[in-house]
Amino acid sequence: MADATLHAADGHEKPSFFVRWFMSTNHKDIGILYLVVSALLGFISVAFTVYMRMELMEPGVQYMCAEGARVLSGIGAEDCQNPNGHLWNVMVTAHGILMMFFVVIPALFGGFGNYFMPLMIGAPDMAFPRLNNLSFWLFVVGGSLAVLSTVVPGGNGQLGSGIGWVLYAPLSTTEQGFSTDIAIFAVHVSGASSILGAINIITTFLNMRAPGMSLFKVPLFAWSIFITAFLILLALPVLAGAITMLLTDRNFGTAFFDPANGGDPVLYQHLLWFFGHPEVYIVIVPGFGIVSHVIATFSRKPIFGYMPMVWAMIAIGVLGFVVWAHHMYTVGMSITQQSYFMLATMVIAVPTGVKIFSWIATMWGGSVQFKTPMLWAIGFLFLFTFGGVTGVVLSQAPVDRIYHDTYYVVAHFHYVMSLGAVFCIFAGITYWFTKMTGREFPELAGKIHFWMMFIGANLTFFPQHFLGRQGMPRRYIDYSEAFAFYNYISSIGAFIAFASFLLFFGIVFYALKFGRKVEEPMYWGEGTDPTLEWTLPNPPPEHTFEQLPTQDMWDKQPHH
Amino acid sequence: MADRKPHQSGAGAQNAAAPLHSEIIFEAELRPHRSLTRGGVVWLLGIVFAGLLFTLIPFLGTSVAWVLLGFKGATLLMLGGFILAHERAAVLTEHITLCAHHIRVDRYEPSGRNLSWEANPYWVEAHLHQNHRIEDYLTLKGGGREIEIGAFLTPEARRKLYRDVTNAIARIR
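Going line by line, the protein sequences match chains A and B. So that you can map any letter, position 382 of the first sequence is 382 in the numbering used here, and since no number is skipped, the others follow by simple counting. To convert, take the position in the second sequence, counting from 1, and add 1000; that gives the numbering used here.
Some clues are possibly wrong.
To be verified - With a straight-line Cα cutoff of 20 Å, these simulated SDA-like cross-link-like pairs (lysine to any residue) come out:
#, chain 1, residue 1, chain 2, residue 2
1, A, Lys-217, B, Gly-1040
2, A, Lys-301, A, Phe-216
3, A, Lys-517, A, Ile-32
4, A, Lys-513, A, Glu-443
5, A, Lys-371, A, Tyr-306
6, A, Lys-14, B, Arg-1133
7, A, Lys-301, A, Lys-513
8, A, Lys-556, A, Pro-539
9, A, Lys-217, B, Leu-1044
10, A, Lys-371, A, Lys-556
11, A, Lys-513, A, Phe-216
12, A, Lys-217, B, Asp-1164
13, A, Lys-556, A, Ile-303
14, A, Lys-217, B, His-1033
15, A, Lys-301, A, Ile-496
16, B, Lys-1160, A, Gln-547
17, B, Lys-1141, B, Ala-1168
18, A, Lys-301, A, Lys-371
19, A, Lys-556, A, Tyr-523
20, A, Lys-217, B, Thr-1154
21, B, Lys-1141, B, Ser-1111
22, A, Lys-447, A, Pro-530
23, B, Lys-1141, B, Met-1078
24, A, Lys-371, A, Gly-212
25, A, Lys-556, B, Glu-1156
26, A, Lys-371, A, Thr-437
27, A, Lys-513, A, Phe-454
28, B, Lys-1160, A, Lys-371
29, B, Lys-1160, B, Leu-1044
30, A, Lys-556, A, Pro-530
31, A, Lys-371, A, Ala-445
32, A, Lys-513, A, Pro-540
33, B, Lys-1160, A, Phe-48
34, B, Lys-1160, A, Pro-211
35, A, Lys-556, B, Lys-1160
36, A, Lys-217, A, Lys-14
Just so you know, the hints here were simulated from the structure itself, not pulled from any lab data.
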């Protein structure tokens, strides 16, 4: 019989550094690993964008010269003899691939999802801890391949592939060298990582909830992660199919996308965007979950309308699958097709609006504290709404006829992603930093970081609406003199935002080394949204909830 | 507190034990908590199947369908495989049977290992231990050994089990 002493002593010793961090099966450690690696890759991607904004600061090409790219020597310099458009395209591609596959989703879904979803449902770990570790290391491999692809032989007889993060055929199928193949592998590996992670999340969420925690009592962040996992499961296989067809077109003589041999490049676009649109919801939905908890905590009120919030996220997820061709209004679809996608896209504004109004209603009549996480959440609320409404503008096919491939589109998606999802990441970091590390996140420094990023990012992307309306095309290394003014402002904003990012790293290192240790588990005070992570010490011990939590620990609803 | 060697029975715990002549006074089957029912698994796989099928249909008859089928099929198989593996791990069961002259606990583990313990219920004591890593750690002492039961349950469920077992034993005495 399993004798009584079997559980008496916690026999296993502390794992060594290598085992703990390289062979982890602990969801909290893996969450931290995701956050750290995504921050590193984010830094690389942002560095590329700073270089790009340096180039775009003035008309003419001063930095990306074919005779030798300049960095600091380009400041105030004469135009290049020969501009290197390929280098520009490589920068654009790398920035897009890194951000879309290796930064925001790993930070939100892999980082916070792994760390906090099991805690919120009272599970001792993920359903498959070793699979979790595999997902993380596949992500690292994918990210490494993506960075590698920029420095190996590629198109135009140079290094790197300049095909855009969407990898459109026929450019991607004809780009020379093997850089594009490596980029495609990077995306494949990232997709495998995401699919395995999604399976893990779905199994954990459905099968390991604490007793009494029925589906509609699960906290909103856990729901958001679950819905995101579902989106990943349904969208990523199609991407895998599409990029496999790119690989076979490039290397094995198939002609899926080659019109000369019976294929169709627009087919690639349909497949890519069938994945691509749910992808942007995969980016933002975990952010919705974080914002719900932050706003509830700092309004000292439970979230307004829990059920509509859950159903709105589900609706956004489902609807996100039927609107993909609003990215393709100019490829030659019939008016009927365009009309359908236009109407379907407008419908998504409804559940999104439900969420925005619910967050506002949560604050209404609450005792609002403008602590750092709340600043990020309110900033998100306002700026995501703003980006969302320019999305509704773009959803109008005749309007998009003019705006497609202009800076108006660039402005729109950077508002919802850079000022939306990234704000959610910072909200999550400042909200949960002390829980994860046991150290205080300095409030004043956090606020300075927020305002620098807010001003910088807005200064970067707001003028880009005007540039788009004036007709400036995207993905161009140079532009006509008429666009000079707003490009200059946009670049200044980018430098301020980059400085804020450096400040952020400084704050994190300072807090980790010298931050005041905080013992109080519920360190935001009594109004904290009563989810299970607030019952745990800072940081939580290696093993949590090996004892199933009881319903009174998490069920704070007045009646059930 | 007890001997440290688990007592392993042979393959199948239904080997020659004391034949249960008397009627069963108390019986309980304990399993670890799983929040998804069997029906829920069917729903989940059905919804994922429908979702994956949705984009396959337009491509049926083209070569694209084969590529998509490969990845979608692999995804569905992996999801199904992992969910069912997780369900199988919940197969751990402890079966308690109490008759007038015999108490028996059988433990069936997912690995296939089956353990059993039996004793004369008259002399058996149930204990709830505090100051243990597991809250309200429940053991049965008798037959020369002390075994744990219900370590994977909630503390509430263990306390209820303790009351039920103690009352049942008291009825025998």
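Given the hinted pair B:Lys-1160 and B:Leu-1044, is their alpha-carbon gap at most 20 Å?
Not satisfied, since the Cα-Cα distance of roughly 33 Å exceeds 20 Å.
When you check the alpha-carbon spacing of B:Lys-1141 and B:Met-1078, does it fall within 20 Å?
violated, 44 Å
With a cut-off of 20 Å on the C-alpha distance, tell me whether B:Lys-1141 and B:Ser-1111 pass.
violated, 26 Å
Decide if the proposed pair is consistent with the structure: A:Lys-447 and A:Pro-530, CA atoms, cutoff 20 Å inclusive.
The given pair, whose Cα atoms are some 25 Å apart, is violated under the 20 Å limit.
Are A:Lys-556 and B:Glu-1156 close enough, with their CA atoms no more than 20 Å apart?
Holds, at about 18 Å.
Does B:Ala-1168 sit within 20 Å of B:Lys-1141, going by the straight-line distance between their CA atoms?
holds, 15 Å
Given the hint that B:Lys-1160 pairs with A:Pro-211, does the C-alpha gap stay at or below 20 Å?
holds, 15 Å
Straight-line alpha-carbon gap A:Lys-301 to A:Lys-513, limit 20 Å:
violated, 34 Å
Under the criterion that the straight-line Cα-Cα distance not exceed 20 Å, is the pair A:Lys-301, A:Lys-371 satisfied?
Distance of about 15 Å is within 20 Å: holds.
Satisfaction of hint between A:Lys-556 and A:Lys-371, Cα-Cα up to 20 Å
violated, 24 Å
For A:Lys-556 and A:Pro-530, compute the direct alpha-carbon distance and say whether it is at most 20 Å.
holds, 7 Å
Would you check the hint for A:Lys-371 and A:Thr-437, treating anything up to 20 Å between C-alpha atoms as holding?
Roughly 19 Å separates the two Cα atoms, so the pair holds.
Violated hints, listed in ascending order, are 5, 7, 8, 10, 11, 12, 15, 21, 22, 23, 24, 27, 28, 29, 33, 35 and 36; each of the other numbered hints is respected by the structure.
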